[in-house]
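Peer 1: Read off the chains here:
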Amino acid sequence: MTNKQSFIKILRFVPMPVLAILVGLLAGVVLWAALDLIQGRAVTKIFTSELHVQLELRSRESLVRFDRYIANYAATTRLLANHRRLAEYLDPVIWQPDDNVVPTVYDRFQPVWLPDIFDRYGLPAPSHVLLLDGNGQVREIYQDDEGLPLIELSPEIRSALTKPGGATTILSTETNGVYLAIGDRIEDSAGYPMGYLVVLVPIDAAFLAASQQGLALQRVAVALIDRTEQRILSSIDPDSLTPGTLVTDWEDDHVVTSLSLPHYEHLDLHLATFVPHASVDRMSRHVRSFEWRQRALAALVFILFYSLIIYLVSARLNRILTRMSRFAHRALGIEQPRFRRGVNQLLLLEEWIRDFTQLVLKARQELSRHYENEMRETEALKAAIMEASLDSIVTIDGRGRIIEFNPTAESALGLRRNEALGRLFAARALPASERPRFERLLARSRLAQREGREPHVRGELAALRGDGSTMPVELSIVPIDVDDQSFYTLYMHDITKRREAEREIKSLARFASESPSPVLRVTRRGRIVYANRASRDLLKAWDSDANGHLPSEWLQEVADALIDGQTREKETIAADRTFALLLTPISDLGYVNIYARDITAVRRAEQEARQHQAELVHVSRLSTLGEVATGMAHELNQPLSAIVNFANGASRRLQGPNIDPDQLVQVMGQIANQAQRASEIIRRLRALVGKQPPIRADADLNHLIREVCSFVEFEANRADVTIHLDLATAPVPISVDLVQIEQVLLNLIRNALDALSDTPNDDRRLTIRTRAAHDDAECVIEDNGPGIEPAQMAHLFEPFFTTKDSGMGMGLAISQTIVADHQGRIWVESSPGETTRFHVTLPLRSARTESITDNAT
Amino acid sequence: MTPQPTVFVVDDDEAMRSSLKWLIESVGLRVRTYDSARAFLASYVPEGGTGCLLLDVRMPGMSGLELQGYLARADITLPVIIITGHGDIAMAVRAMKAGALDFIEKPFNDEALINSIRRGLDYDATQRAQRLRRAEIATRLGQLTPREHEVMNLVTDGKSNKEIAATLGVSAKTVEAHRARVMDKMQARSLADLVRMALVVADATD
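Read top to bottom, the protein sequences are chains A and B.
Here the numbering used here is used: the first residue of the first sequence is 1, the next is one more, and so on.
Here the numbering used here is used: the first residue of the second sequence is 1, the next is one more, and so on.
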């Protein structure tokens with residue numbers, strides 16, 4: 001343990017790249033050693049076996065060459081045997097059969113039929129060429145060399161060579177050495193079989209060398225050996241490999257490989273190759289050095305590769321460590337471990353991870369402590385919220401069972417908390433018709449949560465109160481996932497009041513649309529943002545529509561209304577209709593509400609009423625006197641007519657013969673009754689005029705004059721008279737019976753108008769003056785009519801005095817009565833043909849008040 | 001047996017009614033008074049109601065003019081005398097245009113009133129006699145055969161018998177016979193008589 005710790009301590013200070021090189025070297029050495037161990041042995045083994053193979057191959061090659069060389073020789077011999085010259089040579093020859101035939105020997109003679117055919121094919125010339133007859137008797141011998149002995153062919157060889165089949169090749173080991181003997185049949189030119197041609201060639205160094213042409217003699221030597229005796233019969237290099245020596249003598253210095261000659265096995269001959277040991281060793285050395293070089297290269301590559309890999313890894317580690325330490329420093333605020341160069345990064349990393357793990361553990365503990373605290377706080381807060389919430393808060397689990405229930409929910413749903421827990425929310429709190437919607441809301445919330453959208457879902461439902469009645473609620477669902485279980489918190493807000501308020505607002509909002517009068521709302525710039533149905537005509541007249549603009553002339557009004565915040569009332573005529581517009585600014589919203597009222601009918605009615613009234617007053621003023629007079633006349637006419645009838649009837653009877661006095665008495669009574677009736681009518685009339693209680697009202701004389709002038713305007717126009725008013729600048733206050741004084745003024749003005757009827761049109765003048773003098777209000781009505789005769793002046797104010805054809809003669813009389821009744825005076829000044837002035841004075845109001853006060857006291 | 005003609009007085013004023021009755025009775029005429037147009041219509045029977053109607057223009061309810069119009073539409077040919085008060089001239093004119101016989105202003109000149117009434121009564125009597133005669137002739141005409149009717153028309157046109165025979169394609173003798181029967185059935189004493197009858201009928205049908 002301590003060893004390990006101390007080792008690690010040392011290792012701490014070895015940087016990774018150094019370690020990498022060290023390890024690489026070590027690995028290289030180990031590899032080297034292992035390869036040396038394994039590969040050296042293997043190489044030796046391979047080399048040995050390979051050497052054998054190589055040698056055998058070499059010797060086989062030698063054998064093949066040798067064999068082929070012999071075959072070449074045989075072929076050449078055959079050419080010779082069938083040569084035309086030989087056939088021609090044989091034509092005249094006749095060999096008689098004879099047992100003892102001595103062959104003719106030609107030494108060093110080149111017969112004509114023997115061309116230099118062997119030279120031409122690069123073959124050594126044969127030592128002997130023999131011609132044999134059909135029985136195998138040798139007839140002619142041609143010896144190449146003088147020194148060469150004549151060869152006695154053994155009968156075995158002779159029979160072997162003279163097979164009737166044709167060419168035969170054999171090797172024979174004669175005493176002088178090894179020979180190659182080749183026999184072939186010969187014929188003369190007529191085709192008669194003459195016998196056999198036999199060629200003998202000694203297999204000596206030259207032959208072997210020729211057969212092994214191209215072979216490096218210093219490296220390898222070839223020899224024919226006797227297998228049984230293991231003796232060299234002929235060698236390619238007789239100087240170094242002496243024929244007649246034993247093979248074993250050579251085996252110390254050479255590697256000997258012998259192979260049997262396949263076609264000549266019966267001769268017990270082998271062709272052997274001799275490879276000197278020195279040559280083999282050289283080759284072996286060469287192979288080993290090659291192998292060593294390869295191995296060294298492999299080890300070097302290995303070291304380099306390994307070091308590079310480790311180095312790269314360590315460099316990467318450095319970077320990772322730098323980053324990690326930076327991260328630790330920045331994100332976690334950990335100073336240690338700080339990365340240093342020149343130490344072992346792996347160990348550093350390990351330490352770092354250990355530290356980091358501890359830190360994380362610590363942090364996690366702190367976090368969890370913090371989280372627990374927070375949870376406790378949240379729980380407390382949640383409980384407080386649940387308790388205090390004005391909304392019903394219900395938590396249900398995935399199956400819809402209530403698991404939390406706040407006091408508001410208790411009172412709203414009429415259910416104690418402990419009763420509610422564990423029960424199905426939908427079944428308890430919702431009417432059956434609303435449950436599917438509730439399920440849909442839940443499903444939507446779940447889906448939204450699963451798709452990562454805001455899972456908060458709202459809906460409006462009806463909920464059941466404790467007493468079974470329903471209430472509209474706004475339901476808000478928040479899904480919560482805890483430990484793979486789904487919960488939902490439901491917030492229910494009783495919106496009964498809101499609904500009512502909404503309905504109220506909606507119904508209020510309908511006011512405008514239902515209004516039969518146009519209601520508009522416009523912006524500061526006169527854009528119409530609302531217009532009810534009734535405003536269509538108005539908008540059309542304005543050449544605008546519900547989305548249009550106010551006419552430009554109204555923009556200033558709208559702007560002004562918004563600036564001073566004052567409601568203003570305007571009138572406008574649009575499309576022959578009169579509208580009263582009430583502009584109400586809503587300054588904070590920048591709108592102006594326009595309430596229009598179609599007052600066409602009102603205005604028309606007013607106008608008509610004014611006209612009508614004027615006419616009515618006019619007519620009534622015109623006819624009042626006539627009416628009274630006519631009524632009075634009719635009333636009086638009745639009793640008077642009756643009296644006349646009674647009286648006439650009575651006088652007729654009195655003229656007749658039969659007089660019934662009773663009847664007459666009765667009629668007299670009737671007459672008296674009717675007279676009584678007439679006087680009653682007159683009395684009633686007087687009572688009507690005289691005994692009315694005075695009515696007094698405050699008025700301005702100027703105003704009365706103007707009013708009366710408006711009554712007679714029509715008449716004045718018809719009479720082509722312009723009434724000139726010269727009224728006091730200040731009001732002339734009087735307290736009078738308005739109707740009576742108007743009647744007086746009307747009479748006087750009308751009289752003046754009548755008086756002007758004979759005056760030329762362009763000279764008609766009617767002037768009315770008023771003034772306040774001392775205690776009196778005075779009014780003068782002046783015309784330039786014909787005037788009043790002085791004789792008439794005295795009777796002017798008497799009843800029934802008139803100068804007109806159609807008059808009653810009551811106007812001035814009544815006027816005088818009325819004026820006198822008001823403690824005023826009326827008189828006339830007239831200069832006939834010039835002017836006539838009627839003066840009316842009435843007490844000014846203040847003077848009159850005093851007099852009344854005096855009377856009272 | 002002609003019925004006694006009656007002066008019918010319609011006036012809403014009681015004194016007027018009784019004074020008129022008193023005055024008119026003083027010349028021996030029969031008088032019946034009614035306080036309204038409706039009261040008069042309720043009791044009046046056209047057949048026996050000969051005489052004349054004295055009518056006040058101004059009355060509450062149905063006015064004198066309305067009653068006059070009603071009588072005209074009901075084909076009652078009672079002569080109407082209108083009584084008007086002061087200033088009712090326009091109404092009197094309208095009444096005259098509507099066929100009133102006369103109008104009298106209150107208070108009355110008794111002579112004028114009585115004359116007017118007398119004229120009314122005479123007019124009524126003539127009217128009734130004429131109507132009676134026309135009815136009689138119409139009855140006689142109804143007895144003629146179509147052929148006789150044709151002959152009568154041609155005769156009253158002043159055609160001679162020969163002309164009539166040529167027109168109708170019959171002999172003069174036959175015309176003679178038809179003519180005699182027509183004279184007989186029409187109870188005409190002469191040709192002039194027959195022509196008068198034809199004129200009476202023609203007047204009525206005009």
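A portion of the hints provided could be inaccurate.
What the hints assert, rightly or not - Listed below are the simulated SDA-like cross-link pairs for lysine to any residue, each with C-alpha atoms no more than 25 angstroms apart in a straight line: (1) B:21 to A:669; (2) B:21 to A:647; (3) B:97 to B:26; (4) B:106 to A:673.
If you are wondering where the hints come from, they were derived from the structure by calculation, not from laboratory data.
Peer 1: Return the numbers of the hints above that this structure violates; sort them in rising order.
Peer 2: 3
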